[in-house]
Each structure stands twice: as structure tokens, then as C-alpha cells.
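> Those protein sequences? They're chains A and B, same order as listed. In this text, residue positions in the first sequence follow this note's numbering: the first is 7, and each later residue adds one. In this text, residue positions in the second sequence follow this note's numbering: the first is 7, and each later residue adds one.
Among the hints, erroneous ones may be present.
Note: identical chains are not told apart, hence a pair may lie in one copy or across any two.
Distance condition first, Cα-Cα at most 20 Å in a straight line; then the derived SDA-like pairs of lysine to any residue [stated by the list, open to error]:
hint, residue 1, residue 2
1, LYS59, GLU89
2, LYS211, GLY293
3, LYS100, SER76
4, LYS100, ASN25
5, LYS48, ARG21
For the record, the hints were derived by calculation from the structure and aren't laboratory data.
Protein chains: 2
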Amino acid sequence: MPNVTHLECSLCAQRFAANQIHNLCSCGGALLVRYDLDSVRKTWTRDSLAQAKPDLWRYWPVLPVNRRESVVSLGEGMTPLIETRRLGAAVGAKDLWVKDEGLNPTGTFKARGAAVGISRARQLGATTIALPTAGNAGAAWAAYGARAGIPVVVAMPKDAPSQTQREVALYGARLHLVDGNISHAGAWVNERAAAEGWYDASTFKEPYRLEGKKTLGLEIAEQLDWRAPDVILYPTGGGVGLLGLWKAFAELRALGWLRGADDAPLPRLVVVQAAGCAPVVRAWDAGAQTTAPWEDAATVAAGLRVPSPLAGGLMLRALRETGGTALAVEDDVIRRALGDLARAGLWLSPEGAALLPALRQLRASGWLRAGERVVLLNTGSGLVYPDVEPLPPPTS
Amino acid sequence: MPNVTHLECSLCAQRFAANQIHNLCSCGGALLVRYDLDSVRKTWTRDSLAQAKPDLWRYWPVLPVNRRESVVSLGEGMTPLIETRRLGAAVGAKDLWVKDEGLNPTGTFKARGAAVGISRARQLGATTIALPTAGNAGAAWAAYGARAGIPVVVAMPKDAPSQTQREVALYGARLHLVDGNISHAGAWVNERAAAEGWYDASTFKEPYRLEGKKTLGLEIAEQLDWRAPDVILYPTGGGVGLLGLWKAFAELRALGWLRGADDAPLPRLVVVQAAGCAPVVRAWDAGAQTTAPWEDAATVAAGLRVPSPLAGGLMLRALRETGGTALAVEDDVIRRALGDLARAGLWLSPEGAALLPALRQLRASGWLRAGERVVLLNTGSGLVYPDVEPLPPPTS
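Work the whole structure out from these sequences, hints included.
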């Protein structure tokens, strides 16, 4: 952690030492990793990146790991940013790009959080790592735990995708199935981790996976030659990626790496959720400061089934501060979009597919202007969801 | 095709113009793309690569596409080369690396051939592209065809993996199922392509997918800082990747890019096949000059079920010329290796998993010396094979 100065509470700004295990702040806020960016700015240049290996570790000066030898890697990051002109023209968004996180180890963007989180956990002396998951994070942490030789315990809803359950076991992790959703899995981990001395890697209780997800934003900026896109659509469950994007662009601005005026707007962030579990959208529409738990959460996009995200309030703040918005999409619409995208050569996760109809809505309402540069953040490969059947196009 | 001079028969050296559609030579030999490497050598440097985008198109001067705008890409290539010290120590191969081709679009190395093949087919005016496949190539060509907006017809054995069949349809390609194996599918394509005017993209009847696979070798060399590894293990079905590796290292030597003496040995190539379909291994053991069709081919590693590879003789030559070898592995051993690898964090395709027991055999026999640098070429992600169940470790 060449440049980490401390951890800082996202709500009350209390500071914590970075070389000890911390979960949430006493006020309940998630902790953010802070760097000495002035110092980084003096020694790190955009040009030096050109020589760096094409994985997320190229952003080493703003990552929270002490030594290169501690890195647990399976080649995660530097996924393609694919320009999709034909698809863009079809939906009236000419400058449309897909960041394809399916090309990560374990097939999803969760690999980023797991790589950085497990690298850091190892340095902090974790002997067993436990986490609740709606699905994909479990597979990723199980894989990286196996790679690191650290036992992993994954708690998952009984009705999470069966392939993911199988994958966790395949990697040799301990799989605990709960009746209920990720909130119930989280309660189980919370109780057992305390009793057993496990390292609790629950979303936002562990400050480092956010740093891994942050590299999404760093890559998008680098791939667009340090011009921030106008809008990024993000399929939102726990929201780590959303806040990672927000933090990435804030840090890039502090480093002076973004082209354009110093006060040029950062990308407007858009939360896209499934209509069957949309706590952030509901709170956004109500102008609330925080989210309330969603009852009977259900959606084909398993990664979006997070009824009570811990950082709901922080997500809403990210939307307000970037001039973003939030909207929800029905499952049938998601499944139809899956087919539309596949016929354009992109078999995405249902979470990623939800972004296409959301984009259509934003164009129809005029919120998104023609000619704006838009990035759809596809969080995983269709291969991860063999059981999700696309719907055929509507007959007209 | 800035530097392509012609196509050359791999058997009789007859030359063909590169700007026309050609399949096999009249003598039956596969055609190889030839470049003016003297000219390339004068204008292209290893240093210039450092600035290039991390996909296979970074090797543009030795790829057969005329214009950048013609490229059909989904972000293929520049997959990680993962050092696996713990696994290596466990099998007595300390300097062991896995080239993980699972991190490609559609989850397999077939994306390389499809990207280059379809980019080139579009330039040659193909309006419909047809190919037979044991499975994964079908998914890849369907995806890239969808991306390019060119219809694709895929002929596949009825008992090819069901997920792959589904994927081909998902991408909007026409799926034709045949009773039998890839040879029967090939016969159907041969007949129908001639009748319908389809562009025949069968393995080796189409000279350009080999150029895509060649980038595997270019990347391995670049990732090892232009030092060729001692040995590369390759799971062999049709053998395009094997010959691609061979061609890559030959071209790198001609360019003078490999470190070490000009006459230093190129990597010894190792053909690994499934015991249920091992025509190359059988021919190698018999000292034959070519392969004979394998009867009743059957294996859990669908990509290895190629009973009568068109370039069998050329593969045997590649083994002889590089000092390589060939060996086969039983399905149960493959399925056990799948589990061993997953518990080290690597969920590979069964084809890729076959390489681990092959490596153990080569160490046990002494063919592979301790300390030699070995690359296992994993051709795909475990996600592509949800139905292949690993076996538990043997109880002792």
C-alpha cells in the first residue's frame, strides 16, 4: 500500500488505521480507502501505464496492497470496451460502448473485488474468509481463495443459480445455503464470523473489494484516452461497482488525469435495477436519503436480488452528485434484451442485458441526449447463467 | 493485409493469390498465409507493441486483414499467462504457466480464429459462412457472425454439448445437427456449401483462422519477454492451435524477436489427446507420416473428438521438427484433474484439464526435465462445460 494513508468513514469521516482489520464505522458507515494522491500525482504518469501488464494491477499506486508478492491474481481486469455502432444506432445512442466484464476469471466483474480483497485479507492475516452472496461473488471469492490457499466460507440463498452453487463447491470452498436472500445469508455470516474468528468479507464490511471494483472506472477512462464518458449505466445490486466508478473518477480528477476542464462534469451514473427488487430506484423516485428493505425480492437477474443494500444512502448520494438517475426494468424485458444483444454478438448476463431497455427508456424520455457517449457496464458473461432463457422478439 | 505476399500449400509449396477465396490445394494440402517478413522486420519493433491495445490485433503486421475498419472484434486475445508455483511444485515442474484462454469472448480460444476468419471472410465478400464443429468453434463463429451481421450456418454432432448448441441458436446462427461426429458434419457442409454458394470455413479449408490462433504463440512469447518456453502442452483436436503455435515461433525467429541464439531450439510441442480419440498419438507412436481415422471416437472433452484431422500429417511434422511428443489421457483422469485444478483456483475446460496428467506423465518418464519452463495451453473456461462433472481425488 505504497500510498494508502488511512480508512475513512463514508458517513462521519472518522479515520481508521489501514494496517488493521476494520469492518464498518461505529456510526454504521462503510469505510473508504484513502491515498496520498498529491504524492501519487508527482510520481505516476499516464504514459507509464502504456508499459504495464494488461490487468487491474497496472493501477498499483492507487491499490491497497503492500507488496507485489502478496498479489493473488488470475489475470483479472483490462476487459474490452467494445464499441457497438449498429446496436447504438438501433436505440438512438450513436456513441455506445459495452464494458464486457464477462472476460474475467469466473466470468464476472466479481473477480476484481475478490482479487484485491483476498490479496489484502492475506496481508491482514486472515486464516478463513467468509462472505454472503447473491451468487457470483461467492464463485469469485472461492476461486481466489483456492488460488491463495485460504479457506473460504460462502453463504448463499438456497435458490441462487445452481451453477454458481456448484462452482463454489468445485473450488473447494465451504457452501452454506440459507432459506431466504442475501440479507439472511449476511446475518448468518455475521454471527458465525464473530464466533469462529473468520475474516468477514461481506460487501462494504470489507473496505478493499471496492478498490478492486474501482479499477473498472480507471480502465474505462484509460480505454477512452482519459476522456470521461457522459453516462455510465450500471446494473445495481449491492452497489460496490457503482461506488467504485464514482471513486475512480473522483481520484482521476484529483490526479489531474482526465482531459477537459478541471470542473468538467464527471460521468452521470445510472442505477439500473430489476422491477422485482428495486430499493434504490424506489428511494430515488421518492427523493429519500436512504433505501428501505424491499419485500419479496425476486428477479431472473440473480445479482440484482439485494433487497437491503448496506450502502444505499451512499449510492443515492453518488447519483445526486453526478447528476445521475435510477430506473427499473421488468424481467420479461430483460429476457427479451438478452436475445437482442446475443443477436448482435453479445451474450451478456441478465444484469448486463437489463441496461439495454434502460437505455431505451432514457433516450425516449430525453434524459439521455443523442450523441452523448454512453457506457453499458456488463457485469458478467451469459455463460454464467445457463438456465436463463431469452425471450424471442415481440411479434408485431 | 499490409504484408501478406501469398498463400502457400503446406505439402507441395504451390502458391496461390491471397486476394481470392481458396480452400485446399489441389494436392489436398492446407494453405498457409505467407508474409514479407523481411519488410516487417524493418518497420515493426517489439518496443512499439508496448503501446498497442491488449487484444490480438496488436500483431497487425502479421495478420491477414487489409483495413482496420474491417476488423470484427469482441475484445479477443491477450489472455493471461498465469504462473502456478504451488501446482507446479506439486507435479515437479517448478516453472509452470497456464495460458488461460477461457478469458476470451464465448469462453474459448476459438474466438481468435473466428475473429480473424470472419474479418477476412467479410473482405472476401462472404455472404453466408458455414462450418462444421465439435462444439466451441460453432459458438465462436456464431457470435462473430452476429457481430459482423453475416449469417452463419453451423453443423454439429447431435451429441455435442447441449449448452453449445443452445449458444449457437442464441447468437442467431442456423444450427444443423448431424448423426455422427465432426467428420460427418464436415461432409454435410462440404456438400451444401458448394450447392448454396456458402463460404466454407471448415478447419484448414479456410487459411485465416490459423492466423488468429497463431497469436497464441506471439502472446506467450511477448508475455515471457520474448524468451520461448521450453515446452508447450496443447490439447489437440483439429490442431489449428498447435500449428498456430508452430508458425508463431517460426515467424518470431524470422523477425529476430526471440532472445537467445539464432539457432536456439523452438518450444517442444506436445500433443495431448483423449484416450477415446487419439489419432495423432497413435500415428506418433507408430512413427507414421500421417493419421488414420479413429473409430468410435468418444470423450468427455468434446473439443478433442476430431477422429480424422485434416492436418494430421502436418501436426506430426511439427512434433518431429520441434522435438515434441504426443500422449493420451483417459476420461476419468481428465475429470479428476478438473477437480485438482479447480481446487487451485483454475476451473478449466476438460481439454485444458487433460494437460495436467499429461504433464505428470512427462515428468515421470523424464521426458520433461525439472526446471524446464512449461506452458499449459488451456483452451477454454469450465463455464463452457456445465455438464462435465469432476471426479473427487482418489482415496488412498
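> Taking the hints in turn, state whether each one holds.
Right, here's what the structure says about each hint:
1. LYS59 to GLU89: between (23 Å within a copy, 14 Å between copies)
2. LYS211 to GLY293: This pair counts as neither: shortest intra-copy Cα distance 26 Å, inter-copy 62 Å.
3. LYS100 to SER76: Answer is between: at 19 Å across copies they meet the 20 Å cutoff, but 43 Å inside does not.
4. LYS100 to ASN25: Neither: 47 Å inside a chain and 33 Å across chains, both beyond 20 Å.
5. LYS48 to ARG21: Result: close neither inside a copy nor across copies, 25 Å intra and 57 Å inter.
Going through the hint list in order, the structure does not satisfy hints 2, 4, 5.
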